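Model the full assembly from the supplied sequences, consistent with the hints where possible.
Now for the letters of each chain:
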Amino acid sequence: MQTEIKFAGFGGQGILLSAKLLAYAAMKQGSFVAWVPSYGPEMRGGTAYCTVVISDKLIGSPIIKNPTHLVAMNRPSLETFVDDVKPGGIVFINSSLIPVRSNREDIIELVVPINEIAADAGSVRAANIVALAAFNAKAKLVDPELLKQCVKDEFAAKAKIIPLNMKAFDEGMNFVENN
Amino acid sequence: MQTEIKFAGFGGQGILLSAKLLAYAAMKQGSFVAWVPSYGPEMRGGTAYCTVVISDKLIGSPIIKNPTHLVAMNRPSLETFVDDVKPGGIVFINSSLIPVRSNREDIIELVVPINEIAADAGSVRAANIVALAAFNAKAKLVDPELLKQCVKDEFAAKAKIIPLNMKAFDEGMNFVENN
Amino acid sequence: MGKAFSKPTVLNDTMTHYCPGCTHGIVHRLVAEAIDELGLQERTVGVAPVGCAVLAYNYFDCDFQEAAHGRAPAMATGIKRVRPDLIVFTYQGDGDLASIGMGEIIHAANRGEKFTTIFINNAIYGMTGGQMAPTTLPGQRATTAPMGRDTDATGMPIKMSNLLGGLVTPAYVTRQAVLKPQQINKTKKAIKQAFQYQVENKCFSFVEVISTCPTNWGLTPVDSLKWAEENLLPYYELGDIKTPE
Amino acid sequence: MGKAFSKPTVLNDTMTHYCPGCTHGIVHRLVAEAIDELGLQERTVGVAPVGCAVLAYNYFDCDFQEAAHGRAPAMATGIKRVRPDLIVFTYQGDGDLASIGMGEIIHAANRGEKFTTIFINNAIYGMTGGQMAPTTLPGQRATTAPMGRDTDATGMPIKMSNLLGGLVTPAYVTRQAVLKPQQINKTKKAIKQAFQYQVENKCFSFVEVISTCPTNWGLTPVDSLKWAEENLLPYYELGDIKTPE
Amino acid sequence: MAYEHIIDSERCKGCGLCINFCPKKVLEIADAVNEKGHFPVYQARPEDCIHCTICCIVCPDVAICINETQTS
Amino acid sequence: MAYEHIIDSERCKGCGLCINFCPKKVLEIADAVNEKGHFPVYQARPEDCIHCTICCIVCPDVAICINETQTS
Amino acid sequence: MAKVLMKGNEAIGEAAIRAGCKNYFAYPITPQSEVAEYLVKRLPEEGGVFLQGESEVAVGYMIFGAAGTGERVMTTSSSPGISLMSEAISYIAAAQCPCVFVNIVRCGPGLGGILPAQGDYFQATKGGGHGDYRLLVLAPDGVQEAVEMTMQAFTLAEKYRGPVMILGDGLIGQMMEPVEFPEDLATEPINNDDWATNGMSTRKSKKRNLVKSLFLDPTDLNNHNLALKAKYDQMGREDIQFEAYNTDTDYQVLITSYGTMSRVCRTAIDSLKEEGIEVAMLRPKTLFPFPEAAIYDAATKDSCKTVISIELSMGQMVEDVERCVKGQRPVEFYGECGGDIPSPEKIIDIIKGII
Amino acid sequence: MAKVLMKGNEAIGEAAIRAGCKNYFAYPITPQSEVAEYLVKRLPEEGGVFLQGESEVAVGYMIFGAAGTGERVMTTSSSPGISLMSEAISYIAAAQCPCVFVNIVRCGPGLGGILPAQGDYFQATKGGGHGDYRLLVLAPDGVQEAVEMTMQAFTLAEKYRGPVMILGDGLIGQMMEPVEFPEDLATEPINNDDWATNGMSTRKSKKRNLVKSLFLDPTDLNNHNLALKAKYDQMGREDIQFEAYNTDTDYQVLITSYGTMSRVCRTAIDSLKEEGIEVAMLRPKTLFPFPEAAIYDAATKDSCKTVISIELSMGQMVEDVERCVKGQRPVEFYGECGGDIPSPEKIIDIIKGII
Ligand SMILES: Cc1ncc(C[n+]2csc(CCOP(=O)(O)OP(=O)(O)O)c2C)c(N)n1
Ligand SMILES: Cc1ncc(C[n+]2csc(CCOP(=O)(O)OP(=O)(O)O)c2C)c(N)n1
Ligand code: SF4
Ligand code: SF4
Ligand code: SF4
Ligand code: SF4
Ligand code: SF4
Ligand code: SF4
Ligand SMILES: [Mg+2]
Ligand SMILES: [Mg+2]
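Chains as they are written, first to last, in the numbering used here: chain A, 1 to 179; chain B, 1001 to 1179; chain C, 2001 to 2245; chain D, 3001 to 3245; chain E, 4001 to 4072; chain F, 5001 to 5072; chain G, 6001 to 6355; chain H, 7001 to 7355.
These are calculated hints, taken from the structure and not from any lab test. Keep in mind it's a predicted model, so treat the numbers as computed, not measured. We treat Cβ as the ideally placed atom computed from N, Cα and C, and that holds for glycine. Among the hints, a few may not be true.
Said to hold, decoys possible - Below are the EDC-like pairs computed for lysine to aspartate or glutamate, each with C-alpha atoms no more than 16 Å apart in a straight line:
id : chain 1 : residue 1 : chain 2 : residue 2
1  : D       : 3007      : F       : 5008
2  : B       : 1065      : H       : 7340
3  : C       : 2007      : E       : 4008
4  : D       : 3189      : D       : 3042
5  : H       : 7041      : D       : 3245
6  : D       : 3202      : D       : 3245
7  : D       : 3007      : F       : 5068
8  : E       : 4025      : E       : 4010
9  : C       : 2202      : D       : 3037
10 : A       : 28        : G       : 6180
11 : D       : 3007      : F       : 5004
Said to hold, decoys possible - Computed list of chain D residues with no C-beta within reach of chain C, every gap over 12 Å:
id : residue
12 : 3006
13 : 3013
14 : 3055
15 : 3104
16 : 3107
17 : 3147
18 : 3151
19 : 3154
20 : 3185
Have a look at this one:
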């Protein structure tokens, strides 16, 4: 079994970190993982994306054209990648920035206003954590507690912002679980 | 038929030029020729040598270990190369600088005091022309008149020293023909 | 007191890939204006560096060559020597010109090659993500100097214009900045003068331009101007360093 | 007023391959004396250039590395950085250091690498048979400047010590000569001082030595000294150019 | 002689340099993004503009031009 | 204190630098070549030598040394 | 030791430290600048040396100088930077100094692009520099192997007293995978007193050492070259590494592929197997010495009809494969070299096209 | 035209001029400095450009810049100097600018020695620089061929819009042989208005031209690489050159050899013939494109039992020969690489040893 999740958004939206945290938790859980960034010259201002591959055996090609799931943090990301998602996958839509929807019937649409949730939790900068928690609450790829611990570990050096991120995590998760 | 002549001496003795003139004349005469210098780092003060190959067909290897003839302008040259000469070849010895002889029975020894002859003709600097003329007088590789013309052409730009070199040429040739 | 202002024709409509507020764009415009005003478009060949300006050729409407990192002066030498009738300029960053390309710029300047170099000094490697440049200030942070440049280990920043100005061969060498409107106007004059010397076949001409890199300095565009004004200008003094006799 | 004189022990008995009267030999002896007198033999690593001194390692009784053409300062940097306890010197000609090796020497000097460079300026490429060097004088003949150096086409000779002295990083930079006994004694002092600064871990140290190349200048050894005195010294002024504060 | 101050809001990257230098404080950042995702500037107080071209001169993206109009 | 002036005629390349600088004109070129083909110098007037070491200092080939001898 | 999730570039930096290498010189270039950005922080903690050189040419010689003292030293770069080091690599091979070069390959030729590629196979294995020398070249297929090979590289460099190259690519440098740093791959440095220029006082003999590559006498130089050749031959006997994948089946096609590209091939092979099509892969892990016999043997298995070399290049390793297969089977090629990595589906199509 | 006796280096300089090349940039290095010393006198007479660059790295880019304007341009160097040009060569190949590089090979690796060698075969034919590019490589066996190939090189460089290399060696550079300069080898320059940066005013379109090698889009870059590859394939169809020597006999052994070494082989073959032993030689004159089919055909002639590649190297071209022979015959190797050129007698011994 192999699951691939593409995270996509603007440069500054923290998607590389969300993806890394997911990969990290999956690794802790005993899976094979790979985190593959898109790196290219002058991505500035454009669309950045990366892919996390989680598998129960050694990962072959880490280059994924058709991911299982998509986490789209802004509109161009959704539009660029939505058609690549495999049928049955989750398409996560950050409705704070994306006014449109997937137009696909064969996938599961998960619409979350992450910027608002993050702002409510204390700061828009935690939007990527909201998205991570929310997405995982739906996709159930890793144990949420483990994932939350990974978030905590990540910010170990900046203890001050841990509470904010913990809150954002919980709110993101709750939003999905309660909707 | 292929003939190979090794010219050897001190750096400043003009052997490269003598050899070149011989090659030039042979070329004019319709032969295939090659002039192969020894080049190596810091030959200064040491022994310099070069080889002329004259042939009636396309020349294969221009690298000659055992030449037909040797023109030795100084003692180390004679000592280094005399044993390489093919039986029957000419070993030319500049007796002005070389007090010893070849110690070989199977070659033709040609002993010429070229420095003295050149000095008599006007300048020791023409010793290489004396040697060239004398050697060719014995080896009869090219028409002496043609060779003399080549010497003349070589010095075309320095008309002043042509008479000296013509004289040196004649004296060198005469020395062999009259001895 | 109104005035008209429009894009120079040598600059085409393509939007640059530079970050918001990056002064590369300003200098591009000034170069284009100089070429326009001197009427050189049809015989100009630009040489783009490897650095953020690697795509400069996308924005200028004249012939262009793209050099390897640091080698623009050698390429310009090749072009200008075989086609002295062409107007040749290089456009180089500080990593490109002062680090890997040190030998090439010094020798081109010293031979008195008759081309023009525009040298964008932003005290950092922009394109590759903020590594230390030879021009990075003492204590200034860079990804390869995370605690700030340690001059004990890496020496003092190199003042390229002063170095080139120290050569005996005649040249036009000047240091300018684009941190405020007046400086921009002066830089414009200097660039035009540099091309003018080339048109007259007089000498090598070199215009250093103190610039910004908001992205890798981690500052807003406006704060970048201020930081440069306060930190770069005291070390890199503005003005003509050498003019041809 | 008699004195004794003997070969320094760091110099071994091998006869050099240098041409008669070539001043490379004098400088070799001075370097060896400095190493002897400071007691550094057992921790010295020399770096030989590519140039007539390529075989320098044959004559010194200490560890030696042979660099590629122009890259001795980079090699010395590598050695000294990983083994700061070693005493490292490079010995380079003007083709090696001022032409192909320009980038390396400037950057090593600017980083303040704690090694010592002995720079033999004989205004010509000796080893390869007399081609023009960046230090060749205007009008001086070379195989690649058969009518004499044309400064319009190739610029003015580069004054390496002045160029390096112009860098901001502290250093010891001096220009000396070995054209007569008094100069030789002064050069000896400068070389010893240069090594001394290294021993103290103070700074980069650089001793330019105005030298001769009788073979490629086409002069006798004695005439070479005179020619250098009359032609090189007026352009390449002797003396300390920079000392560390 | 009259002048027309034109901001190409698609070229503008919203860097704010023009705002910073405008002597008359004419310019402000808009609150809607353009196609490229930048918040462009606009003339908040066009009537104050003296057409001094300073904003044009400092703009790295040649996003502002000033045209002469013959309708004087 | 006495001194002994020694020329290693096999090391000498006959360049003449020592001759040029000897303040007492002690040195001259020999007329026989050494093994390497050079004409080495010799002390033509050893009695004039003041052991000033100038010849040693200028010799590129360290072909001259001066020893202290205790037989004063 | 617990696994950590690391970028390939950072993992290579850490692996060097774990292997006992405390010296790093480099010049920035995408896609490998993270090695420097990682080591500039880590090396001071280890009392090591970090220096950003002024150019790749200079860095090549910094490595040479440092390696000449017998200290462990590494540089990392990417394609154009390695070209600039090729003179130095030739010198280092000639002077026999152990050190490690990492090439995180990007697309060429020229400035090309910064995405992953395998267009430097020739340069790495046949010598970008002049003269008769060979590099031992290790080609990892992921972050864990990049770590292991980096650690092995120092041991091999000392065993053969010469430069060793890791040939990765932009993907391996940029991606994160879980890694372990196997302690047993960290070896003790070999005593260098017989050759390294580390100061005469450090060695018993009190004899000076020379690090050099000039041999003016033709016989000496020829002997030197024969001695170098003997080392390369020894590598072929003792240090060939490869992976055979799915070779115990009756495969119809043998793929040869290495590094990143081989992972895609592995996925394709697994998919084909599900369809009942057996395909095997021989993946060289050392590109030099090349697994010549293994490829010949795998290609000439009865069931195997065709060999295909699949590379992120326009056809480089395929020449070595052709050489090894000795005409016993047709050797096909598929390659791309623009930065995109062909998908498993694409490879499946290609394979189906040739059976 | 009468023959003249010229040193190879000088003849190459003169040949360039006769071919219409008026631009020369170089850096001194033995054993080829005479090219510069000749051209510094000749070029001013022709109104041409001579410049001694500050280094081979710089010279590589001077050539690039000059070639980018569409003017004919040449440089000459020797092994280490060519290594330093390898980044530039990759750039020039990528940017598709015609120009000529001459490598008068000396012994390597490293500083090595200055005597003749063939240790740069790999570097020349497989790309010293990074990325997927190939050089058209011409290997003369004497001064006359050096002249002819130099002249052809400019035509070929323009035909394929890329760098062409002449791979000579110290002997060919230093020896004198009689030469003629065939006028018919001097071609008219091709009109470059569609690509060269020679000023917009010179061309009808008034469109600007770009000389560049950066392709950020993977598809563009892959297409660019495919286009380059198509040129290399075309070379293989249209411009392979070789000499077959004594191949009309029932030879037992086929020698493959090129350049200087092939002349010695020719002498050895003649001597062996006198002894009644027939040996043939296939001499590639283009090392890339390589005469693959010709070698296969010559090797598989019934009478032929063995193939032997004889080189002034430790074994480089032999890999291509092995590839071409496809296992149909054993492929042996003999080589030396110290500067001495093996004598015909030595070669005769070697041949007798394998029959
Ligand atoms: C030979 C080589 N080395 C390194 C690089 C990577 N590289 C590209 S741009 C750059 C630095 C550019 O900095 P700078 O010249 O200051 O220009 P900026 O981006 O700041 O304008 C580097 C190191 C390269 N492309 N080629
Ligand atoms: C890369 C490279 N380029 C060129 C050469 C050839 N070369 C050897 S020595 C030399 C010049 C030496 O001149 P200089 O440094 O002045 O030393 P000198 O012989 O005058 O003491 C050159 C060009 C080389 N060996 N390697
Ligand atoms: S990285 Fe810096 S120099 Fe480059 S475009 Fe952005 S701001 Fe400008
Ligand atoms: S060529 Fe010149 S520098 Fe070299 S050894 Fe001879 S005199 Fe000295
Ligand atoms: S023209 Fe002058 S006043 Fe008007 S907006 Fe621009 S800067 Fe302000
Ligand atoms: S300076 Fe230009 S790009 Fe920046 S905000 Fe003003 S108009 Fe926009
Ligand atoms: S020691 Fe002095 S006096 Fe004696 S020979 Fe030497 S230079 Fe002359
Ligand atoms: S200086 Fe030395 S080498 Fe020269 S002549 Fe005198 S003793 Fe001989
Ligand atoms: Mg910069
Ligand atoms: Mg010199």
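Holds or violated: residue 3007 (chain D) with residue 5068 (chain F), Cα cutoff 16 Å? Given pair residue 3007 (chain D), residue 5068 (chain F) holds - Cα atoms ~14 Å apart, limit 16 Å.
The output says residue 3006 (chain D) does not contact chain C. Does that hold with a beta carbon cutoff of 12 Å? Since the minimum Cβ distance to chain C is about 40 Å, residue 3006 (chain D) lies beyond 12 Å and the statement holds.
Distance restraint between residue 7041 (chain H) and residue 3245 (chain D), which requires alpha-carbon spacing of 16 Å or less: Since the Cα atoms of residue 7041 (chain H) and residue 3245 (chain D) sit roughly 50 Å apart, the hinted pair is violated (cutoff 16 Å).
Please verify whether residue 4025 (chain E) and residue 4010 (chain E) have alpha carbons no more than 16 Å apart. 22 Å, violated
Are all beta-carbon distances from residue 3013 (chain D) to chain C longer than 12 Å? 39 Å, holds
If you draw a straight line from the CA of residue 3189 (chain D) to the CA of residue 3042 (chain D), is it 16 Å or shorter? Outside the cut-off at roughly 21 Å; violated.
According to the definition I'm using, a residue is off the interface if its beta carbon is farther than 12 Å from all beta carbons of the partner; does residue 3154 (chain D) meet that for chain C? Its Cβ does come within 12 Å of chain C, the nearest being 6 Å, so this is violated.
For residue 3147 (chain D), is the shortest CB-to-CB distance to chain C above 12 Å, so the non-interface label stands? At about 17 Å from chain C, residue 3147 (chain D) clears the 12 Å cut-off, so the statement holds.
Is residue 1065 (chain B) within 16 Å of residue 7340 (chain H), Cα to Cα? Since the Cα atoms of residue 1065 (chain B) and residue 7340 (chain H) sit roughly 11 Å apart, the hinted pair holds (cutoff 16 Å).
Between residue 3007 (chain D) and residue 5008 (chain F), does the CA-CA distance stay at or below 16 Å? Between residue 3007 (chain D) and residue 5008 (chain F) the Cα gap is close to 12 Å, so the pair holds against 16 Å.
Is residue 2202 (chain C) within 16 Å of residue 3037 (chain D), Cα to Cα? Judged against 16 Å, a Cα distance of about 52 Å means the pair is violated.
Confirm or reject the statement that residue 3151 (chain D) sits farther than 12 Å, beta carbon to beta carbon, from all of chain C. Since the minimum Cβ distance to chain C is about 7 Å, residue 3151 (chain D) lies within 12 Å and the statement is violated.
Hints 4, 5, 8, 9, 15, 16, 18 and 19 from the earlier list are contradicted by this structure; the remaining hints agree with it.
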